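Visitor: With these hints in hand, go ahead and build the complete structure from the sequences.
Residue numbers for the sequence shown follow numbering that gives the first Met the number 0, so the first one is 0 and each next one is one higher.
Wrong hints could be hidden among the right ones.
Derived EDC-like pairs (lysine to aspartate or glutamate); straight-line CA-CA distance at most 16 Å [said to hold, decoys possible]:
1) 221 <-> 207
2) 184 <-> 134
3) 452 <-> 230
4) 208 <-> 440
5) 600 <-> 623
6) 196 <-> 222
7) 600 <-> 626
8) 571 <-> 531
9) 153 <-> 88
10) 196 <-> 223
11) 221 <-> 102
12) 221 <-> 191
13) 121 <-> 88
14) 430 <-> 203
15) 184 <-> 100
16) 184 <-> 141
17) 664 <-> 597
18) 664 <-> 626
19) 87 <-> 148
20) 600 <-> 528
21) 198 <-> 225
22) 208 <-> 230
23) 208 <-> 227
24) 208 <-> 223
25) 198 <-> 433
26) 553 <-> 528
27) 571 <-> 555
28) 184 <-> 136
29) 221 <-> 100
30) 198 <-> 222
31) 600 <-> 577
32) 198 <-> 223
33) 208 <-> 225
34) 584 <-> 528
35) 196 <-> 100
36) 168 <-> 113
37) 584 <-> 531
38) 87 <-> 150
39) 430 <-> 199
Just so you know, the hints here were simulated from the structure itself, not pulled from any lab data. Source: prediction; values computed, not measured.
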Amino acid sequence: MFAKERAKIKINFRPLVVVFLSLMFGIVSARKLYSGDGVYIALTAIVLVATTAYCIVKKKYVPILLVVIFCFGGHGLYFASLSHFMGKEYSDATISARVCEVDCNDDYTYLRLENMVADGDKVSGAIIYVRGAEEGDFSVGDSIVCTGDLEHIKLFEIGKFNSTYYRNKVAYQMHADISTFTIVKGNPHLDESARAKIKEILLENMSEKTAGVAYAVLTGGKDEIDSEVNDVYRSAGIVHLITVSGLHITFLSGLIAWILKKLRVNRFVNFSIITIILLLYSYICGFAPSVVRATIMGICFNLSLVFGREYDGLNSLSVAGILTLLISPLTAYDVGFQMSYACVGTIMLIARPMAELFRKFLPRSVAGTLAVSVAAQIGVLPFLASFFSTFNLLSVFANLLIIPFFGVLFPLLVVLMVVTLLIPPIAPILKVGEWGFTAIEYVARFFAGTNAKINLIPFDAIVTTLIFAATVTISYYVLTNARIKWIIVAAITLMMGTYMMIRPNLYSDRASVGIYENHASTSLVLKTESGEVLVVGFDKNNTKYYLSAIGESKVDYVISPVDYLSDYYGAKVILDSEGFAGSIKYSIDNGIYTFEFDGHKILFTNLSKSGYNCSRIEQVLSSDKYDFVYAKNYDVTGTYFLANSLSGGDYSLSSGSFNFNLANKRVRSID
Numbered sequence: 000m001f002a003k004e005r006a007k008i009k010i011n012f013r014p015l016v017v018v019f020l021s022l023m024f025g026i027v028s029a030r031k032l033y034s035g036d037g038v039y040i041a042l043t044a045i046v047l048v049a050t051t052a053y054c055i056v057k058k059k060y061v062p063i064l065l066v067v068i069f070c071f072g073g074h075g076l077y078f079a080s081l082s083h084f085m086g087k088e089y090s091d092a093t094i095s096a097r098v099c100e101v102d103c104n105d106d107y108t109y110l111r112l113e114n115m116v117a118d119g120d121k122v123s124g125a126i127i128y129v130r131g132a133e134e135g136d137f138s139v140g141d142s143i144v145c146t147g148d149l150e151h152i153k154l155f156e157i158g159k160f161n162s163t164y165y166r167n168k169v170a171y172q173m174h175a176d177i178s179t180f181t182i183v184k185g186n187p188h189l190d191e192s193a194r195a196k197i198k199e200i201l202l203e204n205m206s207e208k209t210a211g212v213a214y215a216v217l218t219g220g221k222d223e224i225d226s227e228v229n230d231v232y233r234s235a236g237i238v239h240l241i242t243v244s245g246l247h248i249t250f251l252s253g254l255i256a257w258i259l260k261k262l263r264v265n266r267f268v269n270f271s272i273i274t275i276i277l278l279l280y281s282y283i284c285g286f287a288p289s290v291v292r293a294t295i296m297g298i299c300f301n302l303s304l305v306f307g308r309e310y311d312g313l314n315s316l317s318v319a320g321i322l323t324l325l326i327s328p329l330t331a332y333d334v335g336f337q338m339s340y341a342c343v344g345t346i347m348l349i350a351r352p353m354a355e356l357f358r359k360f361l362p363r364s365v366a367g368t369l370a371v372s373v374a375a376q377i378g379v380l381p382f383l384a385s386f387f388s389t390f391n392l393l394s395v396f397a398n399l400l401i402i403p404f405f406g407v408l409f410p411l412l413v414v415l416m417v418v419t420l421l422i423p424p425i426a427p428i429l430k431v432g433e434w435g436f437t438a439i440e441y442v443a444r445f446f447a448g449t450n451a452k453i454n455l456i457p458f459d460a461i462v463t464t465l466i467f468a469a470t471v472t473i474s475y476y477v478l479t480n481a482r483i484k485w486i487i488v489a490a491i492t493l494m495m496g497t498y499m500m501i502r503p504n505l506y507s508d509r510a511s512v513g514i515y516e517n518h519a520s521t522s523l524v525l526k527t528e529s530g531e532v533l534v535v536g537f538d539k540n541n542t543k544y545y546l547s548a549i550g551e552s553k554v555d556y557v558i559s560p561v562d563y564l565s566d567y568y569g570a571k572v573i574l575d576s577e578g579f580a581g582s583i584k585y586s587i588d589n590g591i592y593t594f595e596f597d598g599h600k601i602l603f604t605n606l607s608k609s610g611y612n613c614s615r616i617e618q619v620l621s622s623d624k625y626d627f628v629y630a631k632n633y634d635v636t637g638t639y640f641l642a643n644s645l646s647g648g649d650y651s652l653s654s655g656s657f658n659f660n661l662a663n664k665r666v667r668s669i670d
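Guide: What follows is the structure in structure tokens.
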């Protein structure tokens, strides 16, 4: 009987969906496959074998052709895009460029440059950290000429993709003194002027804290958001409100459509006006991936209305994804892009079947809203686990309360801003928007302050793929009876649970030393055979990404001047200059750290090779034998030395972040 039922399983095949997923998988997997990552090698093999088996059974060979062509096409796009950020470096170069972003703090002025020429060569943009500058020295639109050394930035660090650099085509960084600059005042572009004007109006008519939130809601720019407010929104599970995405585009399109309907505009003019406004809004928002996706889908939806065709959400989502990846391939690594598409895709896959389930005991309107909220949370769960570590179990209910209210507040804010731009004297009316955001913040603080938050173990590609497979099975795109669907979902859940139980033993590097290196500093992670983790010198964000990259989710001890590492991970802060951190014996002497655990001895220091520092390192090294030495810019013969293009002993890396297994002396790059 079961064999007969199984034969009835059919998949609603969508070529555009297969093309998008294959292209994205090809781009994302290229970096891992060619570095020998076992997880991605296994995952690629599983995808190819499963697709081939399906094609043979169904005698349909188009899917496997699409998968192979676009997967390997994605590999090519990855390397072609990466080469754009791997040009030559410049020493003592004369640089001319246009300033497109300025940010000042107590230590330096940050500039982002475009239209840059270095020693006569047209090159990608750069960020420059300017010493000695004062506020007002630079403005957006200025042209500058300066001299200095252009170094490559890293698009990938400890498994984290710097989407801001990529989106803004920033390939270089430089440190310079204000005395080397010649500045010619210029004018900002239309989008820059629009954002600046919106920010100015909001700051003049709202409190600074609320203005930052309103600015993010309208433009996607988060530079004005108070960090504490941002944490509240994230903890409550409503951070998507301050990231311009499909929710905002939907409300904006609805507002415009309602106005045009009242004006009795015909459908062709309606489509043209909505399309122009959405494209203009995307331009003002800097063509962020989530905005581009929502805009393309919105245009597809309105196009279906014009021609009287049924709207296909999955196909329009795929079209948006394909266009984005063809134009900007490495956007596939952008967490915002991944979350946006996973969230919307999951809603389209399982919101309807979940709504039908909820309608059995809830009113129709509540069931539909709840289904969308739950589906969205499932879609972003792998990313919350990997990048944000915690999940608020009550976030579904927070969204149920806040989103309907936001559906009124956002269109109102748009209308008030447009009216204020046209009639400046009525700007104080924006206070209405401030009251609305204050109300949202109160609700968010309530949910953020509950004890319903759980810590999540980072999900890897295999777990994420299994979750996606389960959602596809539940959806109406897999055509079979409910009994078989639940059997398949149960099998997938069992596979996922089994894999997550054995994963620590497969991938964890016990008794290891981890190094995280960037342009500003070098930091250390020690792991003992029993699983204790000690961190030296990380901030919260870097620790989070590094631990995710090496398969850990906790910190037991921290030697760092930053106390919030203790608050964030519950780690014990080490204050004494010597002693024991659990089973790890440590000593700190003028910036030289020595550790002993599991029969291994480690030396770590950021001190450069000069004078007293050099003699102190030599003295420490001569007193004992060490299994691992990291001494930046200091050559140590006969030890396992890994740092800054200097080799010594049996193992070396040029630079970057890596993990070194003390037992088998295996080096694994984390960049």
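Visitor: Against this structure, judge whether each hint is valid.
Guide: These are the hints, each one checked on the structure:
1. 221 <-> 207: Holds. Residue 221 to residue 207 sits at ~13 Å (cutoff 16 Å).
2. 184 <-> 134: holds, 15 Å
3. 452 <-> 230: holds, 13 Å
4. 208 <-> 440: holds, 11 Å
5. 600 <-> 623: It holds: about 9 Å lies between the C-alpha atoms, which stays within 16 Å.
6. 196 <-> 222: holds, 15 Å
7. 600 <-> 626: Cα-Cα ~5 Å, so holds.
8. 571 <-> 531: holds, 12 Å
9. 153 <-> 88: At roughly 13 Å apart (the allowed maximum being 16 Å), residue 88 and residue 153 satisfy the hint.
10. 196 <-> 223: Holds - the C-alpha atoms of residue 223 and residue 196 are around 14 Å apart, at most 16 Å.
11. 221 <-> 102: holds, 13 Å
12. 221 <-> 191: Status holds; Cα separation ~15 Å.
13. 121 <-> 88: holds, 13 Å
14. 430 <-> 203: holds, 10 Å
15. 184 <-> 100: holds, 14 Å
16. 184 <-> 141: Holds, because 5 Å separates the two Cα atoms, which is no more than 16 Å.
17. 664 <-> 597: holds, 14 Å
18. 664 <-> 626: holds, 10 Å
19. 87 <-> 148: Given pair residue 87, residue 148 holds - Cα atoms ~11 Å apart, limit 16 Å.
20. 600 <-> 528: holds, 14 Å
21. 198 <-> 225: OK: residue 198 and residue 225 at ~14 Å, within 16 Å.
22. 208 <-> 230: OK: residue 208 and residue 230 at ~13 Å, within 16 Å.
23. 208 <-> 227: holds, 10 Å
24. 208 <-> 223: Holds, because 8 Å separates the two Cα atoms, which is no more than 16 Å.
25. 198 <-> 433: OK: residue 198 and residue 433 at ~14 Å, within 16 Å.
26. 553 <-> 528: holds, 15 Å
27. 571 <-> 555: Roughly 6 Å separates the two Cα atoms, so the pair holds.
28. 184 <-> 136: Given that 16 Å is the threshold and the Cα spacing comes to 10 Å, the pair holds.
29. 221 <-> 100: holds, 14 Å
30. 198 <-> 222: holds, 11 Å
31. 600 <-> 577: Satisfied, since the Cα-Cα distance of roughly 15 Å is no more than 16 Å.
32. 198 <-> 223: Distance of about 9 Å is within 16 Å: holds.
33. 208 <-> 225: Since the Cα atoms of residue 208 and residue 225 sit roughly 6 Å apart, the hinted pair holds (cutoff 16 Å).
34. 584 <-> 528: Distance ~14 Å between residue 584 and residue 528 Cα, so the pair holds.
35. 196 <-> 100: holds, 15 Å
36. 168 <-> 113: Roughly 8 Å separates the two Cα atoms, so the pair holds.
37. 584 <-> 531: holds, 12 Å
38. 87 <-> 150: holds, 9 Å
39. 430 <-> 199: holds, 14 Å
In this structure, none of the earlier numbered hints is contradicted; all agree with it.
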